[in-house]
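Undergrad: Protein sequences, first through last, are from chains A and B.
Take 1 as the starting number for the first sequence in full-length UniProt numbering and just add one per residue.
Take 1 as the starting number for the second sequence in full-length UniProt numbering and just add one per residue.
These are computed hints drawn from the structure, not numbers from a lab.
One or more of the hints may lead you astray.
What the hints assert, rightly or not - Simulated restraints, written as ranges between beta carbons of each label pair: (1) B/Gly103 x A/Gly76: 21 to 31 Å; (2) B/Ala70 x A/Ala103: 53 to 63 Å; (3) B/Ala65 x A/Ala86: 31 to 41 Å; (4) A/Arg4 x B/Gly18: 53 to 63 Å; (5) B/Gly18 x A/Arg245: 38 to 48 Å.
Unchecked claim - Pulled from the structure, derived: some chain A residues nowhere near chain B, Cβ distances all over 12 Å: (6) Cys18; (7) Pro35; (8) Tyr36; (9) Val79; (10) Met94; (11) Val98; (12) Ser101; (13) Gln102; (14) Pro111; (15) Ala187; (16) Leu191; (17) Glu217; (18) Thr218; (19) Trp236; (20) Gly238; (21) Asp240.
Bear in mind that the values here come from a model prediction, so they are computed numbers and not experimental data.
We put the CB at the ideal spot given by N, CA and C, even for glycine.
One letter stands for each residue in the lines below.
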Amino acid sequence: MSMRRIAGRLGRPVGTLCGLGLLWWGIVRLGGVPPYLLPPPGAVGRALWAQRGLLAGAAGTTLLETGLGLLLGTLGGGVLALLMMASAPVRRWMMPLVLLSQAVPVFALAPLLVLWFGFGIASKVVMAVLVIFFPITSSFFDGLRRTPPGWLDLARSMDARPGLVLLRLRLPAALPAFASGLRVAAAIAPLGAVVGEWVGASSGLGFLMQTANTRFETDLMFAALLVLATMTVLLWWGVDRALARMLYWVPDDRSD
Amino acid sequence: MTAPAPALRLRDLAVAHGGRALFTGLDLTLPAGVFSVLLGSSGVGKTSLLRVIAGLDRPAAGTVAADDGARLAGRVAWMGQRDLLQPWARVIDNVMLGDRLRGRRPDRDRAAELLRRMGLADRLTALPAELSGGMRQRVALARTLYEDRPVVLMDEPFSALDSVTRARMQDLAAETLHGRTVVLITHDPLEACRLGQEILLMAGDPVRVAGIAVPEGAVPRPADEESVLHAQGVLLRRMLDAAGP
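Chain B extracted, bound-state conformation:
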């Protein structure tokens, strides 16, 4: 990785969606170089918050900044819920999309190397339609890594995958995104406990963000470890309580 990963400072942040205020006065620091996992029920504003951090939407009030003082713009990669692959472009061209859209010379060797790490070395020239859902998501991850940004924002990237594929994607993400400032949205407590080095629960009205105790051990944590299972249970209980009767 080229640039050191900064922490993200959210100050007095207010976010609205479709004219409705989702939350106001949010103060939060997302630590540098680790996975911060953001949980919460649907509609609580996780996606809107991530879009504001990504610079795709403007906050109603407040600021999002990097703690190293440099501008955040141009240092953030964003991975959405859907793979957003271009159906007309071959797998390797999808990975190099960023350079093709910026008008820079694409780095074929690096794209091929990333796809090899994703276990897709033999599918470089395949079309997205020829791939399974898990493979497509791996291409999307390779495309995110190709951007080589110190901050990576992921919005439920694995939610549409089956459990086995999802677990493998979590391993792959933890391995390949190591050292970057990652913000991962999920609604899956197990995913949060496997990957989170900071676990944050968004809940309530008005919305509050609460830190949750993180299980010990390096990520990706094994799904069958006692501490992970316990934390997952505690987290689910907290989510149920937060959702109300």
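Excised from the complex, chain A in its bound form:
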């Protein structure tokens, strides 16, 4: 990639960020908002630097929870979608449960999960799994069901075995849909982890934000928020690029 293309690619997000920062600074400066309500960008920047060790440690915890949640949720959701495709009883019994995992707000479940799984990372991993389970399972299951009929006709004319049709035809054909679910999951998994930390934890970005909030350290709270947002964007970007590389046959027209 040439320097020019890098500059072109980075130009827009950097420009957007600068614009937002300027707007923020303007509101604080001209609106006379007290810093404990909305700290100026400079103060947040200073907090970001001064508390870098604390923030990095907290981000590490949250990233670990998010990563484990993504891994387990993806594996669990993927296997469940395959089982639902392979067996009608599993489909009938599990579909309502999958829906339920989306219908119950994690905020309501969070205190319960902390009670059950403790203040450590386990309850946050479970939370992240719960948050991503629906998008992963439903997108993959949809993909598995929507195999182009021509391929299935061909398979039938070849006297194919149903298990192998699922594995070698339906599964690869469903991967693009699965990837869409995984992209959504990568964007919302940190949310589950942070909600868990907010309710009861001894480390992590959510925990840091909560304690900073109660102490009116609004600048640190904003710094943690900034770290969380950056982490989520980077996570999404990494997953997106990895998927694009793995699904080499799927047209990916992103010239800009």
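Add chain B to chain A, keeping to what the hints say.
TA: Then chain B, alone, in the frame of chain A:
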């Protein structure tokens, strides 16, 4: 080829599509070991008939059977309008799809040999997206041949190709499918006259199947031969008459 090719006997066959009866009481014998070409305008029920013969759909009534008394199931290869290649699989793996879906050990050497006959010896590890439409259709033909079934059903396999590519595919199909019982659907009179050893026109309401005089000579017949050109003209006239004003 391993097994001898049977003739196909259609007895009192009724076929419906989407709840609508396409035809009833169809009696037809498709002779053994030759190309039978089935023509007719769109919507007349050619594809539905082929799917019933292939065992993909059940007939509303009647039977499809092989004249040698053995079951037809497992002896039929089917090639659809589109190439139906798996975009994630390499060319040679696409050819061996049948064995991969049956859980048998794929025969790489035979797949490579078939692709060599298709003129694709240097594209074994290419992905379908890297191939032209004609090449993709040749891979689909190789995949059909890999199945090594005595009966081969083809549903307008060359209709999306340009004239030159189509003519070459017709030559290739005639050469490689020689001796098998082939049922080929087409809407192209020239294709019917080049390949047909039995030419059948489906038309009318209710649908009737009429045999058409077949030009002399072995298939694939040259496209510029007098008898082929004449037969093509006669066939087109019959199709126009059948379609009505």
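Undergrad: Now look at each hint and say whether the structure bears it out.
TA: Here is how each hint holds up against the structure:
Look at B/Gly103 against A/Gly76: about 27 Å separates their beta carbons, and that is inside 21 to 31 Å. Taking 53 to 63 Å as the suggested C-beta distance range, the pair B/Ala70 and A/Ala103 conforms, at roughly 56 Å. For the hinted restraint 31 to 41 Å between B/Ala65 and A/Ala86, the CB-CB distance of approximately 34 Å keeps it satisfied. The supplied range of 53 to 63 Å is met by A/Arg4 and B/Gly18, whose beta-carbon atoms lie about 57 Å from each other.
For the hinted restraint 38 to 48 Å between B/Gly18 and A/Arg245, the CB-CB distance of approximately 42 Å keeps it satisfied. The Cβ of A/Cys18 sits about 40 Å from the closest Cβ of chain B, beyond the 12 Å cut-off, so the non-interface label holds. With 12 Å as the threshold on Cβ separation, the claim that A/Pro35 sits away from chain B holds: the shortest Cβ distance comes to roughly 55 Å. No Cβ of chain B approaches the Cβ of A/Tyr36 within 12 Å, the least distance being about 56 Å, so the stated non-interface status holds.
Listed as outside the interface, A/Val79 is consistent with that label: its C-beta sits roughly 21 Å from the nearest C-beta of chain B, beyond the 12 Å cut-off. Here A/Met94 stays apart from chain B, with its beta-carbon at least about 27 Å from theirs, past the 12 Å limit. Here A/Val98 stays apart from chain B, with its beta-carbon at least about 27 Å from theirs, past the 12 Å limit. With a least beta-carbon separation of about 30 Å from chain B, A/Ser101 lies farther than 12 Å from that chain, consistent with its non-interface assignment.
Once the 12 Å rule is applied to beta carbons, A/Gln102 is consistent with being away from chain B; the minimum gap is 30 Å. Every CB of chain B lies more than 12 Å from the CB of A/Pro111, the least distance being 45 Å, so the non-interface label holds. For A/Ala187, the condition that its CB be more than 12 Å from all CB atoms of chain B holds, with the nearest at approximately 26 Å. The Cβ of A/Leu191 sits about 32 Å from the closest Cβ of chain B, beyond the 12 Å cut-off, so the non-interface label holds.
Consistency note on A/Glu217: stated as away from chain B, and its beta-carbon is indeed over 12 Å from all of that chain's, at 52 Å minimum. The Cβ of A/Thr218 sits about 51 Å from the closest Cβ of chain B, beyond the 12 Å cut-off, so the non-interface label holds. Every C-beta of chain B lies more than 12 Å from that of A/Trp236, the closest at about 24 Å, which supports listing it as non-interface. Against chain B, the non-interface label of A/Gly238 holds: every CB pair exceeds 12 Å, the least being about 22 Å.
No beta-carbon of chain B is positioned within 12 Å of the beta-carbon of A/Asp240; the least distance is around 19 Å.
Of the numbered hints given earlier, the model fails none.
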